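> Next come the chains, spelled out residue by residue.
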Amino acid sequence: MLEIHQLHKSYPIGDSSLHVLKGIDLTVESGEMVAIMGSSGSGKSTLLNIIGMLDEADSGEYILDGLPIKDLTEKKAAVYRNKFLGFIFQSFNLINYKNALENVALPLYYQGMKRKERQELAMFHLEKVGLADWAQHLPKELSGGQNQRVAIARALAANPKLLLADEPTGALDTKTSYEIMEFIQQLNDEGKTILMVTHEEDIANMCKRIVRLRDGVIMEDKKVQQERVSAYV
Amino acid sequence: MFRFLFDRDTWQEVYDSFSKNKLRSVLTMVGVWWGILLLIGLLGSARGVENSFNRLFGSFATNSVFIWGQNTSKPFKGFQEGKRVRLSLSDAKKVEDNIDGIEFVVPRNRNQATVVRNFLSGSFAINGDYPLLDKVQKKKLIYGRFINQNDIDDNKKVAVISEEVYKQLFEKDKNPIGEYIEVNQISFKVIGMFENGNGNMGPSSDIHIPFTTFQQVYNQGDSIGWMMITGKPEYSIEQIETDAKLLLKNLNRIHPEDNRAFGSFNLGKEFAKIKGFLIGMQFLTWFVGIATLIAGVFAIGNILLITVKERTKEIGVRRALGATPFEIKRQIVLEAVFITLVAGLFGIITGGWILIALDHFFGQGTEAVIVNASVSIAIVFIALIILVILGTLIGLIPAFKATSVKPIQALREE
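Sequences listed follow chains A and B, in order. In terms of the UniProt record's numbering, the first sequence is residues 1 to 233. In terms of the UniProt record's numbering, the second sequence is residues 1 to 414.
Chain A with its partners taken away, still in its complex shape:
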């Protein structure tokens, strides 16, 4: 599903430059659920951004589902993001003047899907996250957990190959976090490949594999026994 070889990335800081990723090798198979962990500054967010095509590596190879991702123009990156990737953000990043349904339908709009089809599909995904009754509500009328579920529905709407989550539970309390994680586990059970950045051990333990980064290199990469959220509750 995802292959990364010798990925390097540095950011210029004044005259010198900061080497953030120092040769990352990572392979993720279809259906995996991977947690990327590390302290701040370890490069985990940069790695996720490069995988999400929001940023580009200086050198190294990145192959997504057999497609080499290189020489991206803004336009090409936008199309790939739309087709292959679903994003879940820490702060949800819903558009505040659009209701839940419209937010979920937005990636489909950029795919050029017709309004009616789009709304039906968006409704289907909203039902899936259990928010069909809240379709017409604005983000500010929903709780944090509900907002994140809308965001997940939005990430799923375009049926992406890979779900990228950047601290999806970072802005939520423990109970809500677990609800969201339970839901993400369900998606993984259904076969979605999920890549998640987190710094919380308990959240990481709910994934099937943990990749630990420190100072731009992978320190540890191990499969773990997935802890089911349902077992906690």
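Note that these hints are calculated values from the structure, not bench results. All figures in this text were calculated on a predicted structure; none of them were measured in a lab. There is no bait here: all hints are sound.
Here are the simulated DMTMM-like pairs of lysine to aspartate or glutamate, each with C-alpha atoms no more than 20 Å apart in a straight line: (1) A/Lys-175 to A/Glu-200; (2) A/Lys-116 to B/Asp-16; (3) A/Lys-75 to B/Glu-327.
Use these hints to put chain B onto chain A, whose structure you have.
Here is chain B on its own, set in the frame of chain A:
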């Protein structure tokens, strides 16, 4: 390419971002609205003033000069200074034959006389005229006709009277045609009545009688009061005036440098002055209107820049979800054009109301200062097109600003 314009979602997006910030959007629009309102209002009033001048001059051939005789100020060929100069019919004929670029020369005579009808009377200006006068100073006849060649040939005792004379000498609603009025105890038959139209342009004309009849009645011989010279449009009336005066001095044995021997009033010159004033006013109007419009459009660009800055994160999210930079730019430009256009349309409508109000308060009656204040549809369309172009151009600035930020940075923005 332009299919998106007919897509409901495109407009939904525009509407959403508009209604999200109603106050700001409305304030933004005020600039353009005010600009176009000013443009339409000023252009309309300028046109109204021009119309009222045209109505004033309308019946007059404006490329004209009046010349009359006065007293000489220099001795010449044995004549002492202070000689009375009297123009004659033959002078008029010679001017017409010898000066370049002349369309008509109309000799005229004039006297003040008491006019009586039954028990009513008044003092009026009596003019002896040729039918040609009607070509130079068009009369709006309410009843009857103007003097014709027959009247001249037969020295007929007929008169064409003004509405003013009619009001003073006739009972209301009485048809004056065929009635008689007495001028210096001689009866004249009324054959026509004209509207008091051309206000204060040229000498007032109350009653016109045939030139030949005037000669007979006042025993004038061949002398004339003054002559009206009309030049062809492509000739300078000032040159004609100079040439004609020189010729007349020669014919009447007057010193060539005697500037007081003839009096004159150059209508063409006066008209050109007013014309120049009107053109200046129109130029000023366009200048002020367009400058205000541009300022308004810049205000929109400015506000959109702030809006784009505020929406950096939203734009980042949209791009993460698959919006291409082109789609983002297109949306922002469309918003700019939409706001300018809506503001412009409001401006045109309210500008129209102002013109209606102007017409209502200042445009009524014959003495109106502003006549038919209006703006042509073509100008309205040009203004709209300019608005769309300016809106697009000004929208490009925030559009490029919006996509110049990398999505990754945009997403980090709080």
